[in-house]
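Produce the complete structure using the sequences and hints provided.
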Amino acid sequence: MKLITAVIQRNKLEPVTKALAERGVGGLTVMDVQGYGSQKGRKEVFRGKTYETTFLPKTRIDVIVPAEEAEAVIDTIVAAAKTGSIGDGKVWASPLTGLVRVRTGEHGPDAI
Amino acid sequence: MKLITAVIQRNKLEPVTKALAERGVGGLTVMDVQGYGSQKGRKEVFRGKTYETTFLPKTRIDVIVPAEEAEAVIDTIVAAAKTGSIGDGKVWASPLTGLVRVRTGEHGPDAI
Amino acid sequence: MKLITAVIQRNKLEPVTKALAERGVGGLTVMDVQGYGSQKGRKEVFRGKTYETTFLPKTRIDVIVPAEEAEAVIDTIVAAAKTGSIGDGKVWASPLTGLVRVRTGEHGPDAI
Amino acid sequence: MAEMQELADVAWILTALTVVLLMFPGLALFYGGMSGTKNVLNMFAMVMTTLGTVTIIYVLFGHGMVVGESLGGIIGNPLDYFGMVGHEEVGVDGGFAETLDLAFFTLFACITVSIIASGAMGRMKFSAWMVFSVIWATLVYFPLGHWVFGDGWLSANVNFHDYAGGTAVHMASGFGALGLAVALGPRRNLQTRPHSLPLVLLGAGILWMGWMGFNGGTAGGANYVAQYTIMTTLFAGGTGMLGFMAFEKFRDGKATVLGMCSGIIAGLVAITPAADAVDPFGALVLGFIAGAFVAWACTWKAKLGVDESLDAFAVHGVGGIVGAMFVVFFGWATYTNDEPIRGIFFGGDISLLWGELIAIGVTCIYAFGVTWIIAKVMDKTMNIRVSNEDEEDLDFKLHGQTAYDYN
Amino acid sequence: MAEMQELADVAWILTALTVVLLMFPGLALFYGGMSGTKNVLNMFAMVMTTLGTVTIIYVLFGHGMVVGESLGGIIGNPLDYFGMVGHEEVGVDGGFAETLDLAFFTLFACITVSIIASGAMGRMKFSAWMVFSVIWATLVYFPLGHWVFGDGWLSANVNFHDYAGGTAVHMASGFGALGLAVALGPRRNLQTRPHSLPLVLLGAGILWMGWMGFNGGTAGGANYVAQYTIMTTLFAGGTGMLGFMAFEKFRDGKATVLGMCSGIIAGLVAITPAADAVDPFGALVLGFIAGAFVAWACTWKAKLGVDESLDAFAVHGVGGIVGAMFVVFFGWATYTNDEPIRGIFFGGDISLLWGELIAIGVTCIYAFGVTWIIAKVMDKTMNIRVSNEDEEDLDFKLHGQTAYDYN
Amino acid sequence: MAEMQELADVAWILTALTVVLLMFPGLALFYGGMSGTKNVLNMFAMVMTTLGTVTIIYVLFGHGMVVGESLGGIIGNPLDYFGMVGHEEVGVDGGFAETLDLAFFTLFACITVSIIASGAMGRMKFSAWMVFSVIWATLVYFPLGHWVFGDGWLSANVNFHDYAGGTAVHMASGFGALGLAVALGPRRNLQTRPHSLPLVLLGAGILWMGWMGFNGGTAGGANYVAQYTIMTTLFAGGTGMLGFMAFEKFRDGKATVLGMCSGIIAGLVAITPAADAVDPFGALVLGFIAGAFVAWACTWKAKLGVDESLDAFAVHGVGGIVGAMFVVFFGWATYTNDEPIRGIFFGGDISLLWGELIAIGVTCIYAFGVTWIIAKVMDKTMNIRVSNEDEEDLDFKLHGQTAYDYN
Ligand SMILES: Nc1ncnc2c1ncn2[C@@H]1O[C@H](COP(=O)(O)OP(=O)(O)O)[C@@H](O)[C@H]1O
Ligand SMILES: Nc1ncnc2c1ncn2[C@@H]1O[C@H](COP(=O)(O)OP(=O)(O)O)[C@@H](O)[C@H]1O
Ligand SMILES: Nc1ncnc2c1ncn2[C@@H]1O[C@H](COP(=O)(O)OP(=O)(O)O)[C@@H](O)[C@H]1O
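Going line by line, the protein sequences match chains A, B, C, D, E and F.
In this text, residue positions in the first sequence follow my numbering: the first is 1, and each later residue adds one.
In this text, residue positions in the second sequence follow my numbering: the first is 113, and each later residue adds one.
In this text, residue positions in the third sequence follow my numbering: the first is 225, and each later residue adds one.
In this text, residue positions in the fourth sequence follow my numbering: the first is 337, and each later residue adds one.
In this text, residue positions in the fifth sequence follow my numbering: the first is 744, and each later residue adds one.
In this text, residue positions in the sixth sequence follow my numbering: the first is 1151, and each later residue adds one.
Simulated from the structure, these hints should not be mistaken for laboratory data.
Please note: incorrect hints may appear among the correct ones.
What the hints assert, rightly or not - No farther apart than 30 Å at their CA atoms in a straight line, the calculated lysine-lysine pairs in the DSSO-like style are these: (1) F:Lys1404 <-> F:Lys1453; (2) F:Lys1275 <-> C:Lys267; (3) C:Lys264 <-> E:Lys1046; (4) A:Lys18 <-> E:Lys1140; (5) A:Lys49 <-> F:Lys1547; (6) D:Lys639 <-> D:Lys712; (7) E:Lys1140 <-> B:Lys194; (8) D:Lys461 <-> A:Lys40; (9) C:Lys264 <-> E:Lys997.
Below is the structure:
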């Protein structure tokens, strides 16, 4: 099994979720994150004082998939999340050494 | 060392924390996440218009443990987090290649 | 490539970001987390009733770096995040098996 | 010297105006709470700025157009009250000054325009809104106000009952909001729910208090009618709440808090034309019916595919009609007018029905049609809708700020 | 024709009623802010819907039961004011209309019931609350109101001082909330803290303004007593705040903002029975004592194990008693009543002590007991408590919505 | 017996006081919304507690110092109104009681001190604030109030126009806030933005309503001037909003909502000294100019390096000066005073310029200087600034609570 993590634009969550569902990925976990990279933060002016935010809102998705599907899933995410503008984010894969479904106690790939 | 990650029901954070503490796990890191899986999102109706949330609130816990305790810790979490209903979540383990305690600079398992 | 994860004090985000930028680390992802460890939670009293929070606000940083820079980046973070008081947090490293930049589709270390 | 009744009247009208002023932040919070987090500020700005834009034109020529000498029943003479010049001496010896009148009527004009912001939610350029608010007030509200509140052809020739602006204020803004929403087309992303119900509740509560000033102040003083309408306004708001909740309970099994707040406003809108024309039972029943009816209107309106998401059409448009028609059929009040008011079912004359239908029809058609034309013409000339990119992040793109920062 | 004083009186009472109306969203926000995020909406709904449910019965038979002709001192004649029929002519020639009176008293009844929502926080079925509010008003408030505000046995036979409802409003609701909380049993999860102190502050601030209308309006007009009680109400709220904060500073080392807000309300509750019976110094001292005393009561009440988490018991029950007893001992006001008021320490008659103790005892015992019985009987017949599952997610389960969505 | 005008006057002043009271939570929310999440509660506590601390000293000796018999033009006799003893009989037969006067003036004193909290934002010990508020009221506000509102040397010898406290209230608090901010030094972390603009809007809206009571109540009754100033106050608030937004649009390309709210207050501050001295056009123009001018002042003030982040200096200090100077040059009102008011450009006498400059100069220099001295002396004796550690987590460290818990 692999854990695929994607940091993407906030408004791409819906299309990515949809694309994954179509590929048969049945579950994922999402969280709000703040990112920083080549893309600059933004400025808000309050009564003439400027507040700069270094970080920009992004969304992080974690999906566990069988090792053999990892490549395909990454491609799906990349395709669905791409706008072509700077700040589109990254997708990475990491190894897992175990997985359990809490409800049933199933182990390994069955638990996905 | 292993990093154990659990995505569980929100209201199971307290029992899981307690169970881990009883097992001697002395630290953990928690974050609010949104999950999606076999369990469906919920609907709220506002003046006749229905808003469906694809995602449901879950809690994610990250705990670093010595490799040998990983199995037992996973079992503890699963036992404490289980309700038997759909949506109970997953627990997985991933390998770590290093750990440092910021305060002291201690390395490896000593830093846990 | 390595994924370096740091859980630090909230008010250390700025110095750590700055220190990493100076080292040439060009991107990172941040999220608000709640931590628990040797440091105790805090109490707020409302009309004589005490509410104790087990968890304390911390910040988590994820940075992907070329494997060879991992050690140095960890040291940078530790140096910048340290206050010497309990609750300063942890930094750990995990292996990655792949990385893609969404915008360009670049793979591997080029995508960092 | 003024009469003693008039002296007390001034005290109450000063108060009425003061609480009506709070309706503006009330409405801003009511609408803003129902918006998604990304367009709270824009909603605030649309609602509040009428107090600048519309006020200026009201002082210059609006008051004349509404209550000035009628030019053939079509419109009041715009020059009649130009900046109050020549009217300032009134009241120097005590009693009403025309300045108070002007201020009170200014608020009526402003709030009517503010309500329409519902139809622009989340997709209108802010500069376009500023221009629109001024044009709309001039072409829609001032004429309608003249016909209803002034010596216009409607009040002169048609026998209808409208206590405090069910037509010129509520139906006009409700149908105006619909016209604007139709002209703008729907937002691209309709999946935003009300971001803060506490703000909605607060807004509704403030509006209710303000309505006491609105309806009670329309009585013109601390007199019998003020006391009467304060009572009916209180009662109809209370049962409007229950009516909306009952409908929801019946339809979905659960009575919601947004429904509760909407029901309050529905009841208040409905009692506005009827506040002096129903007895306590009538007020209770009218409120309940209006609440339930508006709840139902929200549902089928959602199916029309028009994105008028804050429901000014259902609440103010439909609610106003319900109130006006209730008087026609079930009116009953003995001492509030020179002659007792009796609805058709209580022995009243059926002629009121035709008059009322004309007044409603004229108001709604005029408001909807002219609003749509204004919006379309503006769109051709200056493009009133924001770009798709701006729409996703409206507050920041239009106003350079975001509503919250909890870090 | 009405007298000129009466004309001015009407202007002020219209105002008083208007600001009292804002106390409802004020109380809703005060309570809702103190609730956890998962039961904000339910709290709003409980507080606000009394304006529908209780209003209806008040118009039908409540006003008669409170101020109608006394049936043997026990209760007023429920038929006396049935929908105001036959009372509408009053005030047609100027001066007070009975409609205003009805509306003002309706609000008193509604707010008393709303306060009790404190005792139901986070665990009562909403339908049960609706039923409870109607039964409670009928069996507890209407009788108590009759005894205190009407011609009931208490006001006829017992010599006690209660300016504006320290007994029938505050002690009744405070002890009622306690009774309801005891009958319901504690919530399963007591670990929720107030989710938004800004809402609490706003609520407290609105309540303070409303209290000006409540106490000032009880004077019945724009007279000496209104001006006097407005002053004492202002002062006691201010020092109530300091008293609560001082107690906290002393106990915990830190004065909190929830304490500040609670102290304001404690001071206001305490001045309610005493507003016309203390001089400026008395108002300042009474406020401070009440604030500190209520702070202390919150602490030991927490130890009783009763989950009455919004502290209506401590604030309204105990606060009301403190105010009433203060008058007995330290009252001092020369021109507000026909005879100067003097507390026992200032030469007053000790008989007032017995009268006051009887009035307090009757109110508190009656309110607590009957409330408990109502709740228990209802529980047997319709099961008034939500299921454990619903309790965890109350707003969604009962009202189908959640309070916030900041995404 | 009181005259009939006076009876109506009482009704209006009771109302005015009631809505002025709501300005305190209004200001608390306005300031608290502009603060970062970590010092919302502290801001609330600073603003609200003046209603306790300042009230007490006002009742004891403040009212005497302001309006008591003048001791050589310097200060009123502190003993003159000690707890109102001897003044309670006034109004027993109808008409104004002195108690109402006392309560109204108490609120003036309290709100002036509350505004200064702007200068202490995020870094002052709470106990130090409590002490400071009492000392400041005594040494700065009471003397200034005496000079302007009482029989002090300024009002006796200098010909200047200040309708409702542009000097003693707004310039004094604006320059006081600046003095306090200078004495305290800047916060360590200046990177916090306003955490909730909905709270800011709500606060501004409430303040606007309260200002109707403030300016309208200063007229002393339900008379011509009250009706006149209510109108000008409405208009200046509306265009103040536009002026600030226009300046922002011009400078940054976007009109913000914080700017909108700030502009309302700027317009209101500016109209305070001028409300009876401009005609409708004048009010509209003055509001706009004040809004734009204050917007500009916020910008250059930011460059001074003084951390007075809630901008009481720019809004109240500069705004007040703009209003006062506007009257000198462009005043025009015919019936509000015994003699018509005419600004220099409309044929008025240039002597008003000198008088006005003296009044402004004295107020601003006195307020700034004495405030700075008080703060510095207090700092030497009790250390008024919080520790660096406490500054990072202010609400929790000073008040033991945090503002929100959305979990
Ligand atoms: N080295 C990194 N480690 C972790 N996250 C990163 C890294 N670089 C970028 N990111 C995340 O990816 C997001 C997009 O990166 P950015 O460099 O702005 O654009 P792009 O990926 O299009 O070049 C950032 O906001 C951040 O959340
Ligand atoms: N493939 C997956 N990858 C990552 N997280 C998942 C995955 N599947 C499920 N989850 C997480 O686990 C939660 C529970 O999963 P769900 O399928 O609804 O129930 P169950 O685990 O009981 O079968 C989800 O809400 C989601 O957060
Ligand atoms: N075993 C662990 N697994 C994951 N996170 C941990 C673990 N132990 C500590 N942490 C995180 O590190 C933070 C600081 O740890 P703590 O033990 O309080 O102090 P210190 O690291 O200085 O000894 C915690 O709040 C928690 O977020």
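Need the list of violated hint numbers for this structure, in ascending order. none
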